[in-house]
Amino acid sequence: MLRKRERSFFLLILPAVLIYMIFYLYPVISTFVHSFTDWSLLQKNIHFIGLDNYKALFHDDVVLTGIKNSILYAIIMTIVQNALAVPLAVALDRNLRTKNWLRMIFFAPAVLSPLVVGFLWSYIMSSLDYGPLNQILTHLGLGSVNWLGSAKLALYSVILTQVWQWTGWAMVIYLANLQGISKELFEAAHMDGANGWKTFWKITLPLLVPSITINTVLSMIGGLKVFDIIFSMTNGGPGHATESIVTVLLQRAFTDSQLGYASALGVLFSSFVMIVTVLQLRLMKRWEVS
Amino acid sequence: MKKTLILMASLMMVSSLVLSGCGSSDDKSGKDGSASGEKKTKIRIMGYNKEETRKSYLEYLKKKLPNVDIEFQFIDLKSYENILRTQLAAGEGPDIFETSGSGAVYANADYVEDLTNASFTSKYNDTGLIRYQGKVYTIPLQSWFEGIWYNKDIFTKQGLTPPKTWDEWMTIHDKLRQAGIKPQAMGAKSWEPMMKQSMGMLLNEFYAKPENKDFDTAFSDGTKKVSGNWNELVTKWTETIQKGNITKDMLGIDYDQAQDEFATGKAAMWESGPWAAEALKQKNPNLNMGMFPIPGLTEGTGWLIGGPGSALSINKQSKNKDAAMQVLEVTSTPEAQQALIKDNFGSSFLKGVDVQLPAEYQDSAAAFKEGHVYAPWINWPFGAIAEDYGKALQEVLTGGRTVEEALKVLDDKADQQRKTLTGK
Chain A
1 MLRKRERSFF LLILPAVLIY MIFYLYPVIS TFVHSFTDWS LLQKNIHFIG
51 LDNYKALFHD DVVLTGIKNS ILYAIIMTIV QNALAVPLAV ALDRNLRTKN
101 WLRMIFFAPA VLSPLVVGFL WSYIMSSLDY GPLNQILTHL GLGSVNWLGS
151 AKLALYSVIL TQVWQWTGWA MVIYLANLQG ISKELFEAAH MDGANGWKTF
201 WKITLPLLVP SITINTVLSM IGGLKVFDII FSMTNGGPGH ATESIVTVLL
251 QRAFTDSQLG YASALGVLFS SFVMIVTVLQ LRLMKRWEVS
Chain B
1 MKKTLILMAS LMMVSSLVLS GCGSSDDKSG KDGSASGEKK TKIRIMGYNK
51 EETRKSYLEY LKKKLPNVDI EFQFIDLKSY ENILRTQLAA GEGPDIFETS
101 GSGAVYANAD YVEDLTNASF TSKYNDTGLI RYQGKVYTIP LQSWFEGIWY
151 NKDIFTKQGL TPPKTWDEWM TIHDKLRQAG IKPQAMGAKS WEPMMKQSMG
201 MLLNEFYAKP ENKDFDTAFS DGTKKVSGNW NELVTKWTET IQKGNITKDM
251 LGIDYDQAQD EFATGKAAMW ESGPWAAEAL KQKNPNLNMG MFPIPGLTEG
301 TGWLIGGPGS ALSINKQSKN KDAAMQVLEV TSTPEAQQAL IKDNFGSSFL
351 KGVDVQLPAE YQDSAAAFKE GHVYAPWINW PFGAIAEDYG KALQEVLTGG
401 RTVEEALKVL DDKADQQRKT LTGK
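Which chain is which? The protein sequence lines are A and B, in order.
Read in the UniProt record's numbering, the first sequence has 24 at position 24, and its numbers run on one by one without any break.
Read in the UniProt record's numbering, the second sequence has 291 at position 291, and its numbers run on one by one without any break.
None of these hints come from the bench; they were simulated from the model.
Treat the hints with caution; some may be incorrect.
No more than 27 Å apart at the CA atoms, straight line, and that leaves these computed lysine-lysine pairs for BS3-like [claimed, not checked]:
1. B:Lys351 <-> B:Lys63
2. B:Lys419 <-> A:Lys55
3. B:Lys408 <-> B:Lys213
4. B:Lys321 <-> A:Lys44
5. A:Lys68 <-> B:Lys408
6. B:Lys135 <-> B:Lys321
7. A:Lys152 <-> B:Lys55
8. A:Lys99 <-> A:Lys198
9. B:Lys55 <-> B:Lys39
10. B:Lys316 <-> B:Lys342
11. A:Lys225 <-> A:Lys99
12. A:Lys44 <-> B:Lys55
13. B:Lys243 <-> B:Lys182
14. A:Lys44 <-> B:Lys135
15. A:Lys152 <-> A:Lys68
16. B:Lys209 <-> B:Lys182
17. B:Lys243 <-> A:Lys152
18. B:Lys316 <-> A:Lys152
19. B:Lys281 <-> B:Lys213
20. B:Lys164 <-> A:Lys55
21. A:Lys44 <-> B:Lys63
22. B:Lys283 <-> B:Lys342
23. B:Lys342 <-> B:Lys369
24. A:Lys44 <-> A:Lys99
25. B:Lys164 <-> B:Lys213
26. B:Lys408 <-> A:Lys152
27. B:Lys321 <-> B:Lys42
28. B:Lys408 <-> A:Lys55
29. A:Lys68 <-> B:Lys369
30. B:Lys40 <-> B:Lys248
31. A:Lys44 <-> B:Lys319
32. A:Lys152 <-> B:Lys123
33. B:Lys62 <-> B:Lys248
34. A:Lys202 <-> A:Lys152
35. B:Lys225 <-> B:Lys266
36. B:Lys351 <-> B:Lys135
37. B:Lys182 <-> B:Lys196
38. B:Lys213 <-> B:Lys123
The structure displayed is predicted, hence computed values, not measured ones.
Bound conformation, chain B alone:
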């Protein structure tokens, strides 16, 4: 009898352990009876930027929305999309969530609320609003951007100034090499840096042209392809490979190793964003650095790679849409934008928000002023197909593919994903 009792108890324990994992901890009502008797609406915001980068913003929301109880949930970017998509597919998920620049993916799957006619949407500059099939589903927080970090001391010593044209930039590489200095560090083990630098050429010479304004929409719906449109410019970009600025050994170097090279003055330039600034200063407190935009073939302000990297969407299945809309309303005020910028530097897409550029970004001021910050791939409603293009460019560097083939990889991948998504 005793044995049976022990057995039953063990069974119950195991069963409870197993079954507890299947339960949902979501507060379906979304209402929280507070001690004061007031009913607060609970809003869950899920994001991939750490809570400390949202501290001032969350405090501001709390002050402005006393009736809303905001729970911020941080998920590391590595697993963010998987967790979010799984929750959304299960009909659950947070009320508001950050997108990693692919808001269109969620719009396509009908997971997000249409914000086109929301009162706050028109307060943003158009460059910050991701449109999918003509509709707005996300509102941008501060921008993310990447440019070319350069070592000011090396540049001064060599009598160099940030380039205004592509040819000037290539000449800078040559001069540095002649002086025995590695011109550029690159962690090309990742598919990102080459993909982004080739996009730099395209932003200046393709996307800047009015006739290509809607190219990404056309590429997304399959009416236009990159093959035939990008060939000449990407081929021109490979000049930097032929000149030996980007070399095969860089394919074995990762982001941190390249960062070390730049931080320690072993390389004069490195492409990255503001998030690297702190690490660079920690590695070398005496590093005198600045960031310039990627220049184009003709003289101009150049372009930074970036966009509304951090944007917020409302879950269509949220039980508390009104409160979620209130959160976005408050977010769309200059005060909330300044609070966001305070903890994580970037420009704001909200009209009338004046952002003071720190000294190291002064060389990019003109590009910011012109709104020359863009990343094409975040407007494509597909999975990470830019990764396939980046990997194909790695193969261009190894000699395993031609530019034409690399662009075909991107087209084929887009076709395949479009078929999965729409059946077309």
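Isolated chain A, as found in the complex:
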């Protein structure tokens, strides 16, 4: 009887397992295998070339720029986004009359597609006379800024738009966490004479650590994978100033048709993201309050 039930369970999960194997496991293994070849859509034959692709990656300036930018982007995004989202969540957890409206306003950008956000901000940051951001700065007597055309500034301009888009989303996770914290803890602290600042540091923040873990891990992974917003706002430029790992990967794979080389970059990149995530989770777990 049990065997029959087991068989039923097995049959039930079989479609999911099949789909997982065909659309996930197979491409992953295939990418790994092809990363040791010179596979190119421009050639009919594929040759095994050992670690050549991996060695070449570290001599490719654009790849190195992409790695540097992705790491910088992920770290800045994670820090700024969470540094803003925590106080925002705490503020909007209070009994404000407009709290629902404010929550909606801060969360709203998160429902937009990154491509839409990219095009929208390209116009807002435009250096042409209709670019509202520069218009405001000029009216204030600060002069216009070359937001997207400056090699030094463009990456930070992109990060700014992403902080605008995703801070509200992180805020919602913190809000959910805050609403789960027992009010008695705050009352007890108040009775003991703790002020607002002390309550925040000693009670609110330690109890928010589980959601800080979720938010920072997701921000890091999302940051390292950044592609769509860069694609729509700067396309990796000017020059290669805002190139990320994924924009370079796609360029190498589909513009240059070097699929073997791009596979190696993909394998390296996935391994890196995995290591960062595991390390980050371990670190955060230590801080979590049991």
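Given chain A, work out where chain B should sit, using these hints.
Using the frame of chain A, we list chain B on its own:
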């Protein structure tokens, strides 16, 4: 029992959904039994120009080739090369396909039929035939070209006429700036416009010289490099950056934004092609515009950037090569060329085809007459290495690279791709 049946049915559905994606819908025989009992040969043409831009041409083919059933498949240019290359690599693919000016890439991979000795090839002017290692693998449809769109009203008001030399062009920029008018709009967020304008200088002063006629072949096989050959001219071209005609803020402007600036009269010139004409007129129906070619250092007709952008190749693995050859034979007639031009303006490379230039291109008439339409990079058998050069020029504008370094980027990229392609 009922549960097992439901489970089995679900499984079959999922499996069929999954496996249906793996099947090939190609008609391997290529023969179609029509209602009349006649056997029609099916030919699949894949292109990145929309069907409406090929309407008259396809109708003409249908009329001339009653025994051939032509299926036209449009794929957007963004994914065109990927889809085509993947299909060709899988040993499938269309019988005839449009190339995006890189026919040599397919020739190198041995995907395309050698058309050097085909009866129709000699009917074309040599400038339209892409040769790879001395052989012809594509036949050109109408040309694509780009020049400098200019606002005729602004030019007239400022007493300016289209330039005949580089210095005149620079002076025009100065005069417009002095009059408080932005001389040129440029969507330099894309790597293309600077790359193309620097090529304009090279076409006039490098490629026009007989001794450099075969430079692209030599560059492709690695016997010549751009470094050492282009330095002086590209450096001369950067004069337009030093004069402030191309500025850093343009790196944050995209194609559409630049187009808006020109259409609304905020800038007097903008580099683009005929495909922008319709959009410009829609944005400003009163825009009085013309196009002039990029001028050179010495007085001449100037050069337009362009070439046989739309060309057709025959898939070497096609099961219906005879019918595909017939299609190209018919394409190589003045009537088919006129049908192509009717729906998408461009000049024809077929000998004896007279194309009436619309009024806005009259300033480029002499350049067309001289055959001064060329784009070097479409003759290189590599991936998109012109993109790397264009991005390097963006860095020249930001001050992050020198001209020498930008040219080295192009050489290094060519070396790397050549190694991938030939192992050399």
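(message) When the structure is checked against the list of hints, which entries are broken? Sort them ascending.
(response) 7, 10, 11, 12, 16, 18, 19, 20, 21, 24, 29, 30, 32, 33, 34, 35
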